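> Heads up: the protein sequence lines correspond to chains A and B, in order. First residue of the first sequence? That's 1 in the working numbering, and the numbers climb one at a time after it. First residue of the second sequence? That's 1001 in the working numbering, and the numbers climb one at a time after it.
Hints in this document: simulated from the structure, not taken from any laboratory. Note that the coordinates shown come from a computational prediction; the quantities given were computed from them, not determined experimentally. Treat the hints loosely; a few may be bogus.
Unchecked claim - Here are a few chain A residues that face chain B, going by a calculated C-beta distance under 10 Å: (1) 51; (2) 79; (3) 86; (4) 94; (5) 96; (6) 98; (7) 99; (8) 109; (9) 164.
As the list claims (entries may be wrong) - Pairwise CB distance ranges, derived in the manner of DEER restraints: (10) A:306 to B:1255: 55 to 65 Å; (11) B:1519 to A:138: 41 to 51 Å; (12) A:306 to B:1191: 41 to 51 Å; (13) B:1089 to A:138: 56 to 66 Å; (14) B:1360 to A:180: 39 to 49 Å; (15) A:180 to B:1338: 52 to 62 Å; (16) A:134 to B:1249: 53 to 63 Å.
All C-beta atoms, glycine included, are put in the ideal place defined by N, C-alpha and C.
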Amino acid sequence: MTHKDSIVQLHEVSKRFGQYPAVEGVSLEVARGHILTVLGPSGCGKTTLLRLIAGFEIPDHGEISIEGRPVAAPGIFIPAETRRVGMVFQHHALFPHLTVEENIEFGITELNQMERTNQVQHLLNLIGLPQLHSRYPHELSGGQQQRISLARALAPKPAVVLMDEPFSDLDADQRLRLRDQVRVILKQAQTTVVFVTHDQEEALFMGDDMAIMRHGRVEQEGNPEAVFSSPASTFIAEFLGQAEFLPAIVVDGGLSTELGFLKQKVDLAEGEQVQVGFRSDDLDFASDADGGSMVLARYFRGPVSLYRIRLGSGRLVHSMQPHFRTHKPGTTVRVWFEPHHVLPLFQDGRAVPTTQTVSDSERAVSSAD
Amino acid sequence: MAGPQVSTRRLLLLYLPSALVVLAVLLPVAYLILRALEADARSWNVLLRTSTLRILANSLILTAAVTAATVLLSVTLAWLTVRTDLPGRRIWALLTALPLVIPSYVGAYLAASALGPRGLLQGILSPLFGIDRLPSIYGFPGAFITLTLLSFPLVMLPVRAALQRMDPALEDSARSLGQGTWGVFRKVTLPHLRPSIAAGALLVALYSLRDFGAVSIMRFTTFTRAIYIQYESAFDRSSAALLSLVLVAITMLLLSLELRSRRDGRRYSSADNGPGKHARIQLGRWRWPALVLCAGVVTLALVLPALVLAYWLLRALQQGPELTGTLLAAGNSLVASSLAAILVLAASIPIAVLAVRLPGAWSRWSERLAHVGFALPGIVVALALVFFGIRASRFLYQTLPMLLLAYLILFLPLAIGSLRSSLLQVPSILEEAGRSLGRSPLEVFRRVTLPLVRPGLVAGAALVFLTAMKELQATLILSPFGFTTLATEVWSSVSEAFFARAAGPALLLILVSSVPMAYFVLRDEPA
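Please take these sequences and the hints and turn them into a complete structure.
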């Protein structure tokens, strides 16, 4: 991201509601034409962040600029209607008393009637719903409503479009289809976007850049693949990939764990304690009367089965196996690491820097279900 | 923290108007305090007389009896017309809501003229059975019957609405757990209805406590009547004010009870997916007593009054009606009530918008204070305005604006309530969407909010109009000289026992009020 070409800039922005800090010291930049996804569990402050950018909330501290113009800073507050931000809401927020055409036209202030009609038609074509001018919002499907809502937000040619969980009201099928379409539309229109979601898959898919929030702070930002492969904290590893953790001690040439020796280059002194992060496809097991672990349950998921296993220490871990290998609950087994990539390590919940980054192709193979 | 532009706009459009409205509404309170402060020993003596204790007892007993009777009647009728296969449910629902249109003084006048010791009934019975005097209906029985029959829709309508909104799964699951019809009603339905019953009962209690027309015609001395007598005959303003204070204290107590029940109400959710389908309960043999009940109520509260009214109307027509007077009064009523509706609605907008959209200390307080009128009987408001009118603004005294100000104080809560609930149904993200599209808050209000709350505005206006048409106490005291309305026409004819002369204006009053009333009932009725 070049500083010069960033459309939205946040510098040390904070917002409290009473005693409750919703956003704390957040600094972010969104580059022109980029989609920044802001991911986090509910209550992490991501929606407040969006409303601060939109101008519906006033920050307690910090500065927000849009296209280089400060819109919120000490002594400055530009109201929402003059910020040139478009907004797409979770519940579409189309005006129920206006037709599709009137909704899209609502924000176009400068053109004459014919230019407006052309602009509306252009947008309807862009979102792939050229026929719907005179319908009312309640006559549309959820996916159509959300696309009209996007067209309405794009109509005044905003500097940035803010999207607040725009797909969460839709069912799973529609969601997958719509997010493909919307990403294409946004890229075609070369729109700068801040996209808020709690769905990690959606965030990974939609974003050119990604910021993960927790307790009002940005815990990690970067491009989605980098974040996914080197999570900065156990929280992010868990949130992005249903990760599990086991304690380990650094030894010569690798790590000593409950599941035996793990060969991996570690930049830490021997004897240091760390947490190894892994997922269910990084573990393998086999029946072994002296294995010390026991299969507790098997969850059949079609092509694969997920096994819940209690280790000798009492810890619970999960292992994914192809459907043709079956182990009955109650079987005593031995469990070992079978990673095809470097496993991330953590100390006090923060990632330990690794010298080696994971190759994407390898990860793609190992995580394919 | 908000930028200077935003806050000036809000100040001018919301905070300043709301402050003015609150100031107006607080006039009667200021008056009561001033009066109570200058009360001398003699005035206090009036308050502490045993007769005051009797008035207190009268008021409380009447209020309690009417409230209990209306709850019993309303819950039964609501359940029958919503949940069962009672023949003609929708017609009964409409007919049983209509008595609300009849002002209490009209109802009392009709009851008195029909059932009085030498009334119409006696006239019919006398040649047949030689009865030359019926037991007196005046006093408690007359007031109780009149108020109960006229006010029970205030409970029935909210209870019906709650029954319709209730999630059918609740009753269905109780049934699947082995409860019979009665068990389901007692253990599931009734607890669910409690908040609506409480809200309706409060309205009835306030109605009876503040009623002036029926108790005066039935010569049953409650607070409102006593205050009026003090004011009219004794001209003792301080005693009247002290009596008013007691009345206000009782209404405040009732209102605090209602607030608590509203808090309890949050526990009861309604169906998320809109009203579902309830299976109708088969009444079987019980259909007949149910029909008799409905028919009986409708006969007493609607048919008989209509017949009596028709009788007096015929008599009036024979005597040669005073058409011009009645038409003049009708015109005055329409003008005053329409202006009241517009004024009250306009005044309610800043307060409702603040309460719903910009919560904060002032929003909360201005909304609360705006409800003061709810606790003030019309007579107290009227006395207060007379007081300030004579002292402060001689040129306003006994003018139409003065009367409208009284209506504003009295009916503001009606408009706020209606507007507030429709504003709550407009998600604020719609307004935010409008602003993110580059429109100013005022523009967004005009183009998005206003069209969406229009049903609520119309409902509020209709409600204020309807209530202003019927208002008697303030109208009697504050009307400009020679300015008669339908309400005051009925009143003056009846108090001089010219029953026939009251018939025309009474009928007109009922007909005009029926229009907004029908709008309300039919609006809530699923097609």
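> Hint compliance check: list the failing hint numbers for this structure, sorted ascending.
Per hint list: 7, 11, 13 violated.
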